[in-house]
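Guided by the hints, dock chain B onto chain A, whose structure is given.
Line order of the protein sequences matches chains A and B. For the first sequence, the working numbering begins at 2 and goes up steadily by one. For the second sequence, the working numbering begins at 9 and goes up steadily by one.
The reader is advised that the hints may include incorrect statements.
What the hints assert, rightly or not - No more than 30 Å apart at the CA atoms, straight line, and that leaves these computed lysine-lysine pairs for DSS-like:
no.	chain 1	residue 1	chain 2	residue 2
1	B	169	A	210
2	A	210	B	233
3	B	178	A	135
4	A	72	B	71
5	B	233	A	135
6	A	274	A	176
7	A	184	B	71
8	B	127	A	210
9	B	178	A	184
10	B	169	A	135
11	B	71	A	182
12	B	127	B	233
Said to hold, decoys possible - Taking CB as the label site, the calculated pair distances span:
no.	chain 1	residue 1	chain 2	residue 2	range
13	A	184	B	111	42 to 48 Å
14	A	90	B	328	33 to 39 Å
15	A	143	B	87	35 to 41 Å
16	A	258	B	172	43 to 49 Å
FYI, nobody ran anything at the bench for these hints, they're computed from the structure. Remember, it's a predicted structure, so these values are computed and weren't measured experimentally. Every residue gets a Cβ at the ideal spot worked out from N, C-alpha and C, and that includes glycine.
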Amino acid sequence: MKKILLAVALCLGIAGVLAADNPVQLNAAGATFPYPIYSKWFDEYHKLHPEIQINYQSIGSGGGIRQLIAKTVDFGASDGPMTDQQLQQAGFKILHFPTVLGAAVPSYNVPGAPDSLKFTQKALAGIYLGTITKWNDPEIANANPGVNLPANDIVVVHRSDGSGTTYIWTDFLAKVSDEWKNKVGTNTSVNWPVGLGGKGNEGVSGLIKQTPNSIGYIELIYAIQNNIPYGAVQNAAGTFVKASLAGVSEAAAGAAKNMPDDFRVSITNAPGKTAYPISSFTWLLIPAQIQDAGKRDIIKGFLKWMLTDGQGYCEGLYYGKLPKPVVDKEMKAISLIE
Amino acid sequence: MEATSTTVGPAGTGWHPQALVRRLRDGDAIAHTVTLLFAATILLITTTLVFQLWIHSAPSRAKFGWDFLHTSTWDPVFDNYGALPFLYGTLVTTLVSLLIAVPLGLGAAIFLSELAPPKLSAGLSYLIDLLAAVPSVIYGLLAIFTLVPLMSTTVEPFLKKTLGDLPFFKGPTYGVGFLTAGLVLSVMIVPFIVSVSREVLLAVPADQREAALSLGATRWETTWKVVVPYARSGIMGSVFLSMARALGETMAVTMVIGNTPQISASLFSPGYTIAAVIANEFTEATGDMYLSALIELGLVLFLLTFILNGVAQLMIMLSERRGGGGQRG
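So here's chain A without its partners, still in its complex pose:
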């Protein structure tokens, strides 16, 4: 009898607590790359507005897009913009909002090579196509005068799992090499002509560390946080740029002039003297029409916060901030949500 009373009291208590707070809960799902900063943002936003709770699941860009189209989440997130086919499949209008910037850097393990090898665009494309097979190939050697590159075979490493980093890397290669564009293409997962596959940034950097004469690509954030040396890449202006948060934002600013209104743009190989060529946005996917007025206001409020105060958290977590022209454009686009 006492146990029953205790159970009932407990239930009423829980119900009371739940009823008292009555927070609004939004569900989101998608990209894994920006998960650290998204979870920081949603947490900070909840502290500012305790009645709002946004629940984000990093199930991958593909999953995020699928869940959004199936309407099981309120908004999604993706490392690559949705294709025309996917937008058509959705049946309802979806808006893209870039949130932060990321970059892919070439990391290598060549005995005797300096910390910042320079790679031309043709060199990277040739290495990944398998047409450049030795480290002392003229394409690499000419960009690095004075460096004694060995005549060893290049071991190429890429990501085995589908990822936004692969998307950025292949997007860049498709822009600088027609052969890559026609033969391989751009996607989170591609049919690599050569190379070993490592799972995640950890897999790729692990393989690079253990395999002499190897080269692979990893996320800038991962390289910075783990003190992994990486090389410089030649950008569209011809300068060899070593990736940095500033260079990444510069790329976005350079691309901002010709940015389409729906923000579905690739900013790899962007113009600008100090722009880092292998950068990319990551997007939040918001339905253009939200029936629930409460949820609509919350989402709009969050987006405004994200574009202003939220950007302040980027540096601490090694994400590139959105440049001012892009922020301004996005602020205007928020009014499209109705």
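Quick look at chain B alone, frame taken from chain A:
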């Protein structure tokens, strides 16, 4: 007493209310129904699983048909998919792991059941059982940090030097590849072979051993020619159980196999298995055709395991018919 004995009759008789109530109050009928329900549920879950795999792989099956099983491309950009490199990788890694694990496991089981002192046998068996409890991700991590460098710097060059003429040991030695994956898998499946075989060998009746010894056989001859053949079906069962585990192993394999969809005779070359590619690419698969191709791969793996297990059961049945395993009164 009387009442209960008359209610347990053939089905279809006694649908009168009193007989029914009597049957229900009888514990046997309830136990029968409940356990039947459980068995049916498991069958239902499996059938639903296959059904779902079949339905969701429909776009890919419609597009590729039987070509899926013998095409080698895996191109998510141009939506061109083929399962052959993954099938090859799955079968090769499983074969390599069995080739290593079966002699090792059987030898260990024979030692533990026949030749070791009982206390040592119990202690070692416990430790080997613990091996089976280690999660596969741990094996994968251990393999990347310790096994892969060992393979690339010591083992593979040694094999290349001594056996380099065989097509199995040619090519660059990255450390990751079919051989390393097979090795990791063998470590993971050895505990099953050892524990089940040991149990089966211990269960061989003493009079079989005594009969052999009384006819003048040595200890080893008894073990190898009498005891092991008697326990043949149990040992084969354990081998096929391990094979099923090796076919589906995902995390440990994807960390050490190099994740390259290619077919190569050399064991040093990197490869890919069905389970590994599904684990790697499923979450980010955006296109419908891409997703359905991955699901079709899952269906292929399921059918492969099903067929291999069927063959296994057949082989066990045939070996039992040939003798051993309690057939002789």
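* To do: Hint by hint, work out which the structure violates, then give me just those numbers in ascending order.
  => 2, 5, 8, 14, 16
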